[in-house]
Amino acid sequence: MYQYDAIDQQLVEERVAQFRDQTRRYLNQELSEQEFLPLRLQNGLYVQRYAPMLRIAIPYGMLSSAQLRKLADISCRYDRSYGHFSTRQNLQLNWPKIEDVPDILAELAEVQMHAVQTSGNCIRNTTTDQYAGVISDEIVDPRPYCELIRQWSTFHPEFAFLPRKFKIAVNATESADRAATQVHDIGLHIKKNEAGEIGFKVIVGGGLGRTPMVGVTISEFIPRVDLLTYLDAIIRVYNQQGRRDNKYKARIKILVKALGIEEFRSRVEAEWQHLKGKESTVPMSEFERLQGFFSEPNYDTLENQPASLTSKLADSAGFARWFERNTFEHKKSGYRIVTLTLKKAGQAPGDATAEQMHKAADLADKFSFGELRVSHEQNLVLADVRQEQLVDLWEAAKEAGFATPTLGLLTDMICCPGGDFCALANAKSIPIAAQIQETFNDLDYLYDLGNIDLNISGCMNACGHHHVGNIGILGVDKKGEEFYQISIGGASGHDASIGKILGPSFAQEEISGVIQKLMNVYVANRSEEERFIDTYRRVGITPFKEAAYAKAN
Amino acid sequence: MPKLIKNGEIIDNTYNWLQDAEQAVTPDSIVAAQKWLSEKDSIGKVAGIWLEAGDGVEFLNDIDLSQFEVIGVNFPAFTDGRGFSYARLLRERLNYQGEIRALGNFIPDQLGYLLRVGFNSFQFNEEVDLEKALALHKPFSIAYQGDVSDPRPLFLRR
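Protein sequences, first through last, are from chains V and L.
Count along the first sequence from 1, then add 1; that gives the number in the numbering used here.
Count along the second sequence from 1, then add 173; that gives the number in the numbering used here.
Same shape as in the complex, but just chain V:
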């Protein structure tokens, strides 16, 4: 993974000093609440319902075991000994004290981490596929490009006060889109042109929130050397022309929609003509330098399906289940990608205790070259596990609560912190997740239902990505009471779509009953091997709606 040099290190240290001074001036009342707000947000610090929340950047989800141990230590000494992994592959601490934050940042800097631009109306942490670099059908490893974007976007002097937040995600394979790129302000799809040159299909204007939209293609191919000048051109147009009068209409998607993609594209092209070929054009030497940080670890030459694996698969239904659901094919024979799920019943989705973080770091050291990734579905990934060690890893993961074999199934939910923590939320989301986990606890049934994305957000800001869940649950406020609107048919992959609302919202205690009815409609209507989303697309919303609102008689 990327390693800081003296310059990167100096920058994060100067940032710590800057934020220490800003915090000091705020606590001395030299900076007003209003002035401190965007400054602290650009450093990931929110003031939430009960306490501040600090969002720590995990660039494109890559973590070393040493960094994860540091996060665990910080959560013990400055917080309540746990953290929450978010859909932007970041980590949130829910109970730090404002006056401690500069010290936390200083400790993060010791392990090449920071909280830069994890919030605020600026360019946020760039995300990508959690399987980057280890799958066989990848065009190229997206991580060097993510790092390029990270450096370009960090303290970008022109784009720190955009109309609204700005999120970029990168995908590098045609077989899947695990980074939900089409619902980002900019989605980048790495591709090669006919000459074999690497570049990007650029998608713009996707996003969730109050007006969810799937992005549209602004360019079929931007050569990689031109990536930064093209991004500068898009964001410069947005910075000047995006709406600033209404925060719900300020995302780039609204500008793109209002102008139409042709007009938006021509404005970007006009701007780009001035920038293309200038100093921000990326030289090959920089691509090579960055690629050097993501070279392959020292893989051994191994056979697929070693005897220890095949015999355990035959002997243990539990292991076979876990292998089927929670591991994924690796590009190297004899290796496997393993997801450590953070979706254990009784624990909020995406939460990990300090003890679990230490345990995951140990597992990374023992089984996967000391590195981990955070996935957008709020799980942890060990990317390079020897197949002959899978049984050992499974035993250890079970003990630590990481082996719930439900990856991709109904109970592998994305869930925001919701009204239990967040000041913006209309309703709680964690109890909904808990209710669903409790109701749908029969593994055979879950396996029979197959792949279903269920996403929960506590408000319209859509941190839980409810719009792109096959089933989406949104907390709403109805005269001071918490209700939940259910939508179906959303998807976040290459077939991205925004879900449709079923109808009137439901009371909290009704939710798992409604989900059960939706599942019954699916099971009754599906053809063999058909996923929930495909059945929905074939039969439409009506049968689901009728079942959900049918009178009890």
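It is worth saying that the hints were derived from the structure and are not from the lab.
Don't be surprised by glycine CBs; every beta carbon is placed ideally from N, CA and C.
Take the hints with a grain of salt, since some may be wrong.
[What the hints assert, rightly or not] Calculated lysine-lysine pairs in the DSS-like style (CA-CA distance at most 27 Å, straight line):
id: 1; chain 1: L; residue 1: Lys311; chain 2: V; residue 2: Lys279
id: 2; chain 1: V; residue 1: Lys479; chain 2: V; residue 2: Lys248
id: 3; chain 1: V; residue 1: Lys479; chain 2: V; residue 2: Lys501
id: 4; chain 1: V; residue 1: Lys166; chain 2: L; residue 2: Lys311
id: 5; chain 1: V; residue 1: Lys277; chain 2: V; residue 2: Lys258
id: 6; chain 1: V; residue 1: Lys552; chain 2: V; residue 2: Lys518
[Unchecked claim] Only part of the chain L face toward chain V is listed, based on derived beta-carbon distances under 7 Å:
id: 7; residue: Thr187
id: 8; residue: Thr252
id: 9; residue: Arg255
id: 10; residue: Phe257
id: 11; residue: Arg289
id: 12; residue: Val290
id: 13; residue: Pro312
id: 14; residue: Gln318
id: 15; residue: Asp320
id: 16; residue: Pro324
id: 17; residue: Pro326
id: 18; residue: Phe328
Go by the hints and put chain L onto chain V.
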């Protein structure tokens, strides 16, 4: 005389920022750019013009900007970042060499970014302590991106 920060020093403000279109124009005035444009034949000599957020800079394409000692950029709110692009375009696209002055509701903590996009003078609103603001002049000694002072990104300098 009111003070401001220019080129890293606290100095007297010798120009007069005309926010009110009805105020009389004098040779030391910084006049709203739109007003200047529509009245330029009759308005006489001015120190410079100022841009309102939303103006953009394209309408200045055919104007000889070297006639202005100063071009101001107003920040209606410090969170309104349009002025960052305007200053950069004035320097890099329109090749304006004179003083670019930040006006309005920007705050001292933005000085680092403002300098990098081409501002070199800062006329703060009201109670800002300029000595303290000056201390925030340059929070970072290096940068990843190119900017107005050096167009080369770090990857060309590393």
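Residue hint phenylalanine 257 of chain L, partner chain V, criterion CB-CB below 7 Å: holds (5 Å)
Within a Cα-Cα threshold of 27 Å, do lysine 166 of chain V and lysine 311 of chain L meet the stated pairing? holds (25 Å)
Verify the proposed pairing of lysine 311 of chain L with lysine 279 of chain V, using a straight-line Cα cut of 27 Å. holds (26 Å)
Any CB of chain V closer than 7 Å to the CB of arginine 289 of chain L? This hint holds: arginine 289 of chain L lies near chain V, its Cβ roughly 4 Å from the closest one there, short of 7 Å.
What's the verdict on lysine 277 of chain V and lysine 258 of chain V, does the C-alpha distance respect the 27 Å limit or exceed it? holds (25 Å)
Minimum beta-carbon distance criterion (7 Å), aspartate 320 of chain L to chain V: holds (5 Å)
Just to be careful: measuring from the Cβ of threonine 187 of chain L to every Cβ in chain V, is the smallest value less than 7 Å? Interface hint status for threonine 187 of chain L: violated (28 Å vs cutoff 7 Å).
Interface hint outcome for threonine 252 of chain L [beta carbon to chain V under 7 Å]: At about 5 Å, which falls below the 7 Å cut-off, the nearest Cβ of chain V leaves the hint on threonine 252 of chain L intact, so it holds.
Is the Cα-Cα distance between lysine 552 of chain V and lysine 518 of chain V 27 Å or less? Measuring from Cα to Cα gives roughly 12 Å; hence the hint holds.
Hint check: lysine 479 of chain V vs lysine 248 of chain V, CA-CA at most 27 Å. Holds or violated? Cα-Cα ~23 Å, so holds.
Against chain V, is phenylalanine 328 of chain L within 7 Å by beta-carbon distance? Nearest chain V Cβ about 4 Å off; hint holds.
Interface hint outcome for proline 324 of chain L [beta carbon to chain V under 7 Å]: Where the cut-off is 7 Å and the nearest Cβ of chain V is about 4 Å from proline 324 of chain L, the hint holds.
Hint 7 alone, counting from the list given before, is not met by this structure.
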